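Here are the chains, one letter per residue:
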Amino acid sequence: MSFELLVDPSLLQLALLMSTPLLLAALGELIIERSGILNVAIEGMMSVGAGVGFLVAFFTEDHLLGSLAAMAAVALMGWLLGYYGITLRANQLIIGLGLFIFGLGLPSLLYRIAFGPQMVAPRIDLMPSLAIPFLSEIPYIGPVLFDQPLLVYLTYLLVPVLSFFLFRTPLGLQLRACGENPRAADTLGVNIIATRYACVIIGAAIIGLAGYFIPAIVTATYTDNIIGGRGWIALQLVIFGRWLPGASISGALLFAYIEALQYRLALIAKSVPPQLFQTLPYIVAILVMIQVYQRAEKPAALMQPYNREARG
Amino acid sequence: MKAKVRLFCLVLVLMIALVPLAGCATSSPQAKSTAVRVALIMPGPISDSDWNMLGYEALQVVAKEQEVETAYSEKIAVADAERVAREYIAEDYNVIIFHGGQFVTATMNLAGEYPDVTFIMGSATPVPDLPPNVWNMVRRYYKGGYALGDLAARMTKTGKIGYLAGVQLPDFMAIANSVHEAAGKVDPNIEVIYSFTGDQNDPVKARQAADAMIAEGVDVIIDWMNAGVSGVEEAVLASDDVVLMTTFSTDKHERAPERYLVSMLLDLGVPYSFMVGEIKQGKTTGVFDFEPGSGMLLSPTYNMPDGIAASLKSLWSQLENDEVIPTENTEKLFDQ
Amino acid sequence: MEGTSVLQATVRVEMRGLNKRFEDVVALDNASLSLQVGEVLALLGENGAGKTTLMNVLSGLYRADCGDIEINGQPVHINKPLDAIHQRIGMVHQHFELIGNFTALDNIILGQEGSRYVIDVAGQEKRVSELCQTYGLHVNLRTKVKDLAIGTQQKVEILKALYRGADILILDEPTTMLTPQEVDNLFLIIRQLVDNGLTVVIITHKIHEVLKVSDRITIMRRGKVICTIPTREANEAKLIALMMGAESSGDCQESVTLTDCGEKSEPMLQVRGLTVKDKHQHLVVEDVSFEICTSQIVGLVGVAGNGQRELAEAIAGLRPIVAGEIALSGKDLTHASIRTRLSKGITLVPEDRIRQGILPHLTVSETMVLGAHHFLFKDNQIFDLKAVEKKARAGIHEFDIRTPSEKTATCKLSGGNIQKVLLARAFLLDELVGIQLLIAFNPTRGLDIMTTHFVHNKLAALRAAGKSTLLISEDLDEAMQLCDRIVVIRASRLVGDFTRDCYDRYKIGAAMVGGEG
Amino acid sequence: MSQATLVRRVPIQKIAKSLLRGLVLYGISIVVALLVNSLFIAASGGNIIDAYSKIFSSSFGSWIGFGQTLNKWTPLLLGALAVALGNRGGVYNIGVDGQIYIGAVFATGLGFLLADVPIPAPLIVFLVLLAGFIGGGMYAGIAGYLRAVYNVNEIFTTVMMNFVAVFIVEYLATGPWNDPIAGEAITLPIISSAHLPSLIPRTGSHLGILFALLMVFGIWFLLNKTRLGFHIRAVGDNPVASEVGGVNIRTSIFLTLALSGAIAGLAGAVEVIGVHGGRLILGLTPNYGSLAILISAVGMASPTIILGWSAFFAVFFVGSDSLQRSISFPAAGVLVFQAVMFLIIMWIRLLHERGSLAFLGEKS
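Residue numbers (my numbering), protein chains in the order written: chain A, 1 to 312; chain B, 1001 to 1336; chain C, 2001 to 2517; chain D, 3001 to 3364.
You may find that some hints are simply not true.
As the list claims (entries may be wrong) - Ranges of calculated distance between the beta carbons of each label pair, as one might list FRET restraints:
#1 S3192/D x E1278/B: 28 to 34 Å
#2 L135/A x S1317/B: 40 to 46 Å
#3 V3036/D x L135/A: 48 to 54 Å
#4 Q304/A x A3016/D: 35 to 41 Å
#5 E2130/C x L130/A: 49 to 55 Å
#6 R2493/C x K3225/D: 45 to 51 Å
#7 L287/A x D3116/D: 24 to 30 Å
Hints listed in this document are in silico derivations from the structure and should not be mistaken for laboratory results. As the structure is a computational prediction, the values presented were derived from the model and not from experiment. We treat Cβ as the ideally placed atom computed from N, Cα and C, and that holds for glycine.
Take the sequences, apply the hints, and build the full model.
The structure is reproduced here in structure tokens:
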């Protein structure tokens, strides 16, 4: 296996592309978890985003509307998680799993109601990739980095923006306080309930956008189980990045790279059963997490519902 | 809390336990009826614009041509197939079509149990010692694959053609082999690269696999995936240099008009209608070869010189009349 | 030392007829209270008397079921902490409401960052450090709170209130975890605040402190406000009587008498060069050696977070030992499993009752046998509920644990009763395998005087029976009252060793803080 | 003072009252859930009344329906038990699907090994089931080990291992064990003497449910009557306190996950020799794992309560399939149905626990 294969520009370009939905979803989840809510429904949320977004984009032929619809729909799911987890103080994990399953079923139901049996599967035009003048001219890295769809740039732009928001602004400070010690924040007049609701809803919307990314930029069509476990990976990227926006990037890239690489390897190593390569991303993910979990320090109040009147 | 819930459960369990009593009253397992009623059981959603949608279409044809009552169940997991079939039988359906080979167990179990119901099941190679009430549709994809391989070999400029399928099934391996055979006949130096994504219906994987092939210099891709195909289309459309492709089951060229060469269409109406007709005549067993000429046909051709189009059509007709007979090798891939 | 402010008393806060109940418990029963400008009011009462609840209502954390509050003569509604802040009321809770992972500064400015969009860190830091100067509160604002000493954390809490312009400052049990020196320092600060025209409320059950610092004293019992008296008219006996009410049998302060049995005692527990690291590989116990003899109670005191917890847990087997050894009556137990230690009679009454003590959603009986269950059953693999509940009922009776039944979920019990359950567990083990060494962490924290007394007697009884006890107590008075010896730990090393005849609270305190004394 | 002796035995009519309240409570939640679900039915243009009558008639109305309901009940019950045991022991086993697959793999594998070994049928069946049990246990044991030793969150590992399991099955079912005739990802059948006898003739129902019921009792006994069970519950409730009590947390967590997986694996084995005539099939489990999680949650992780709820979900599962025939309701709807049912049951219960449903009397 030659070195050229590992650094082949088209491979890297694809890796960067496929890392984006992971990263975006991870950022959404990060906002939610920083406020003290655990959302394990990402996989379901992403597929709702993919389904709803695709439907709207198909009928309006407009990616903007598609994105907005995806975000709105998933924001609704986020609100639902909030209602159970914050207002009713339910076990966020169990409710999250319920929403995850709900999210698996809903989009294919809607898709089916929208289009009956079709000779040719409905298709939308992909978001065009826009090459940044001059930069994309740079040999080798130009096409890899600067010839991507808008959403890719936006996602990577969101990383510094989010870290600035979290660590340099009053709202960010209060948001983190909700995740660390809600009672303390509450005694200082931070509105825990409102903050957490805002976080689940906004975070969910972002996750929805991440879901829409797949049909809008990769496949142009919607199929059941289109997310294929990426939501679960995103969930882990948050821990991988120790709840810091920037640190999630490397994880997203790593996973996307290995995922893209496996098919190259499969072409060369004929004697090896392809399934072996297909398990590669998941096994690598597990191995990586073994290291990560040693030093993972989650927000102190993660998964703890807040009840001001609770004693002590 | 717990105590009360417990009682609730007991009640539920009791309910379940009592129901069969009601059950025996309402229906008897072996109800007879003369009219032919056809039920189609499909593994996937009929909105897949593919295998299951074709099954659905075929069922309409059967209903029209044979003037029989029909019903269908889609997205039936193998685990549920037998159950669903029994429910149809309980509702006096006497022809059960299993839309795919994964239902072989269900078919065999039921065939023994319900001699007066006829079953239709697909498979890749003929089922040995077929029960007297089972029709067996044997699909011979590799024959079609041979034609596509020949075409690809004539179209490629880089001398590399790709074969892309989802699950590494024996008859999908057979296709790879016949593609290789055909290409070799055209030009021994042509390299055939194949890849299995592990899922017939995952366009994301398909996209990545196709990208990998294109990076390897492949410029004609023979796609043998179902919903996954859209991923291949996007990969082909995204690549800077012209990469052409073919697919099967339905004509999808409108989604990538510049890239599609041809599609191998499957008209399941032909076999299903034929078999149901036979059953109406009282012939409740037999083997139907699903191959060029009987259900498999070529779509219009695009993006190719007339000469090649002509040779493709002639090769196809030779396949139809068995003037060309590709070797069937489901054992292992040509280069292993 | 009553403040002159009492003379021209202007009423700042008036609380009337407040009621509050939690499910079935009445926490406040028609309680009324008034605060005056520039005074220190001590809110005195036993645990569970409703002191904290009353103040939580004033600081907006709880909402009273009925009753009304006037501030400067205006009726106000305090529904949430923010309202209290607007009314310039600040409260420092017994368990600090600080965010360990934030810097002191972040903790202080949280909620009032001074700007809408971007935090001007430097500017805020300047503002806060000015406050520090005015009130003599010296804090390193850039360090993370979890790395600050308890005393300093308290200062951060006070700064939080002042930063929000509070002129009513409520301190809930402010001295519990402080050394005598820190206590004096705190009282100075309080005086300084009052002289600047603030009103300070101190919630406490320690009478001598009340007499030392307050201008007026309000006594509460069972959710009722009994009375309010000027400090100059108060004395210890009178206050006790008021706190305990009718049921008080006067002699609650009568200390446990330790029968002397020094001669025939030989070493029971031997700790040599013990060294322990935490999960970040920091040394938390460093080369500690000491002995506990039979029928001896040894007190381990120190400022919280100096390693006493880790030391106790290491002896109990909860933490891996890096170096050194532990032996019980000669037999080495350095690396023995917790279960072996239990079977040898080493048992721990843990520091953190909730986290380390109970099984919240399992029944009281199951919590009570946990640990003892290894030795409770004839057939070792079977869990015999009958036997368990029989033992539990006995324990509930002996320790007078207030619970509907032994089948109640443990988390339903109040703090005091939970502590009793844990003690009952220890003595159940004694009954089954015989305790050799009891490691007791604040065994009486949160217990009313009667129960405290009861526990002290239990410990004395153990001692009389020739058993050893390691008592880790935040309450120096308790340690001095009970222990034959007191060892002091500071910065994860033993720095002081006092025998009963030479106890001096200030010397011990000095050893704890490592200051002059 | 005498509070301790106050309430020892709860008066019987009080129990009866609360039982009644419970029934009302769950009655309401189910009704509301059905109402919400009828929105979906209406949306896909079906007649709601028909739909629901169909649901229950098809799963109850005939011996066949009933037998099939039993078959569906088995994996759901076993799966839910697996999840529940995990929850009691403080771990979330999201990998039931994967463990079912691996259990099936082991069962099938042993079946092939024993192909021409002369052993009596019952013994073979037992051995094959045992293989599934062990297989699932070992697979989940990996996650258990990672959690116990490296503290890797088991939710993540089990989910990832679901995907891995699918590829393992796909490899076996298309490669070495493939049945070339089928032309699908499906293996050759193992010896027929290893197949489960049928429970009710001509309904396709098999004995599996009996093993499942046995398992319910087994888990109940383990949790409440054994020392290990006590350790599992203790660690699940408060690991730190359990450690103070001399319980080995790591062992407990590992055993919990392994056992949990083993139960799931048993389900896989039962499916293979009960439903699939001794064949290992890709698609052996249509989301049993996910449903198991819901059922376990609704059943508050108590074996006895789960018994009832799994039956209910099985009925619903079988029933909503029949909607395709009756009103050609999209198959995708079934999953939505189940999830909605779950969310609403939880909703009503939580409202009740928060005391928001005063008309039901005081909250428990």
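We went through each hint and held it up to the structure:
Our hint of 28 to 34 Å for S3192/D and E1278/B holds, since their Cβ atoms are close to 31 Å apart. Taking 40 to 46 Å as the suggested C-beta distance range, the pair L135/A and S1317/B does not conform, at roughly 55 Å. The hinted window of 48 to 54 Å between V3036/D and L135/A holds, with their beta carbons roughly 52 Å apart. Judged by the Cβ atoms, the range 35 to 41 Å given for Q304/A and A3016/D holds: they are separated by roughly 37 Å.
E2130/C and L130/A have their C-beta atoms about 52 Å apart, which keeps the hinted 49 to 55 Å range intact. Separated by about 49 Å at the C-beta atoms, R2493/C and K3225/D satisfy the suggested range of 45 to 51 Å. Between L287/A and D3116/D the CB atoms are about 41 Å apart, so this pair departs from the stated range of 24 to 30 Å.
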